[in-house]
Amino acid sequence: METWSVDQVCKWLVEKNLGELVPRFQEEEVSGATLLALNDRMVQQLVKKIGHQAVLMDFIKKYKQGNQELKPTGGPADTSTLTPAQAAPEHEQNPSPTSHGDQTSLYPAVLDNRLIDQRVLKQRRNVKHVLARHKALQWTKSYILPEFPYDVKCMLVEQKRPDHSMRIRIIEFLQADMTKYLEGSLYPTTQQYNDVVNALLQAHPFLDEDGCGFFLWKRALKDRFKYIRRPIEDDEQVMRNKCKFGHRRGQTRKSLADIQSNEIKIVQIKEESAHLDSEVDEHISWFQQEYMKTERDWREVDKRMSQTLEIRRKMIGGQTPLKDILKMFPFLKCPYQMFREVQILTKTDIYKKTRHILESYSENILTAFSVLDNPINTALQEKMKHYTDEGVLKYMKMTATCLLLPHVFGDEPSLFVVVNGKVHVSTPVLEVKNPFHINGCEFSLYLNKEKLTKVDDCVTALAALVSAFRVFGIECPRRLSQTFNFLETLIFDMQSPQFPSLKEKEIRSQPPIT
1 METWSVDQVC KWLVEKNLGE LVPRFQEEEV SGATLLALND RMVQQLVKKI
51 GHQAVLMDFI KKYKQGNQEL KPTGGPADTS TLTPAQAAPE HEQNPSPTSH
101 GDQTSLYPAV LDNRLIDQRV LKQRRNVKHV LARHKALQWT KSYILPEFPY
151 DVKCMLVEQK RPDHSMRIRI IEFLQADMTK YLEGSLYPTT QQYNDVVNAL
201 LQAHPFLDED GCGFFLWKRA LKDRFKYIRR PIEDDEQVMR NKCKFGHRRG
251 QTRKSLADIQ SNEIKIVQIK EESAHLDSEV DEHISWFQQE YMKTERDWRE
301 VDKRMSQTLE IRRKMIGGQT PLKDILKMFP FLKCPYQMFR EVQILTKTDI
351 YKKTRHILES YSENILTAFS VLDNPINTAL QEKMKHYTDE GVLKYMKMTA
401 TCLLLPHVFG DEPSLFVVVN GKVHVSTPVL EVKNPFHING CEFSLYLNKE
451 KLTKVDDCVT ALAALVSAFR VFGIECPRRL SQTFNFLETL IFDMQSPQFP
501 SLKEKEIRSQ PPIT
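Numbering follows full-length UniProt numbering, in which position 29 of the sequence shown is assigned residue number 29; successive positions increment by one, without gaps.
These aren't lab readings, by the way, just hints derived from the structure by calculation.
Just so it is clear, the structure is predicted and the values come from calculations on it, not from any experiment.
Mixed in with the good hints, there may be bad ones.
Once the Cα atoms are required to be at most 20 Å apart in a straight line, the calculated EDC-like pairs of lysine to aspartate or glutamate come out as [unchecked claim]:
1) LYS64 / GLU147
2) LYS62 / ASP177
3) LYS314 / GLU475
4) LYS347 / GLU310
5) LYS333 / GLU431
Generate coordinates for the entire structure from the input sequences, incorporating the hints supplied.
Encoded structure:
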């Protein structure tokens, strides 16, 4: 068979009722030698139907084991009916004329007897093996397990508990073996499932874990057949059963027109996607140029930021580096654009809510026992002695409230605000210089240890800090969770047993912060 041409292989396929595989074998130029060199994965790529795969793999396996001989015109030869001379190899039937002269056509009697004895023993073993497999093929009382790969055999001999991948391999071999006996059918009966699983557990009792192994292995075997049947659309039996059991109720096999229509839709989607990409590139280029200008068209900025919101949220959700996000959409560095993005996403005016929180809770926070001796509170009291204007005093109290929030809730202050110091964290954090200096106070928002933007007052700074976590999808540090729980509960009207929302606060009196 190793010397067969592609045409001889195709002729053999026709004789084996596998004629529909001929075009595929001709296309791949599968000769006799190529056919014998195929492994299981190659057969699966070459042949689509499971039944045909099983037939080919079984033939290749048996041929390699020497259990059958194949000729291009007569199919597999039945060695049980051959005479010793017919069963002899080709080189024995046609010996070289230079080896023994005129005696080349005669065999010694002793050699004939040995050859006959060897072939008789081999035929008996083959017949015994064929009869045993024939019983399994007919699904009688017993089922004979297939020959598992070497690593599976080792695991079974050592009686090791199989892991997930090893279970899958065992199930795959059982499913392929069952399909071969069912002559390509993918619908075993319940009794056939039972026979296979019983044979497995009787041969290897340690696989019956906690007495539930039968049901687990049977379920896994059924799921494997379902997995094999799911993508099949060209098998009559599979399609008939899918329609029968409701998998394709009211549907028919796709026609050529449907396939062409789907291909046209795919082309249209690709064209629209390419067009969308070009539009996004145009927006990004415009953002980068406009951001460098001293006088900006804010109305156009708002419009384009709204048009690119969806793609921007997808990029942020897809873990695109923040450095790239800010390079493509530099206006996210502006507090106003961050506030606007939060308002689109949450329907909340974050600046207005933040100002209301600082005004409403400033007295309670500044008089809390935990901050009475805090240096920030002490500096506030000293500065307030020099001013009498109510507006200035109110602004100072709001600034102190903003700086003292993490102290009140027992969080790490350096993750929230750095006063007259250097930023050392990558998460969003505020930097404040000269907090109670009327004309020299500076607030800055840092991200990834770099200054993102500079703001004018404590309200804008705190709102920008909360917005940065929301807009850029950054998880709040665990050591800052209590402070942010307080802020987000009140800003976004979230339900919290610890802090009432602003809507609830309007209904009942303001509770003291402890």
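Problem - Pair hint outcome, LYS62 versus ASP177 [Cα-Cα no greater than 20 Å] - result: Roughly 14 Å between the alpha carbons, so the hint for LYS62 and ASP177 holds.
Exercise for the section: Could you grab the alpha-carbon distance between LYS347 and GLU310 and see if it respects the 20 Å cut-off? Expected result: Holds, because 16 Å separates the two Cα atoms, which is no more than 20 Å.
Handout entry: Restraint check for LYS333 with GLU431, where alpha carbons must lie at most 20 Å apart
Key = Cα-Cα ~15 Å, so holds.
Problem - Straight-line alpha-carbon gap LYS314 to GLU475, limit 20 Å - result: 17 Å, holds
Problem - Pair hint LYS64 and GLU147, alpha-carbon separation not exceeding 20 Å - result: Holds: LYS64 and GLU147 sit about 15 Å apart, inside 20 Å.
The structure meets every hint from the earlier list without exception.
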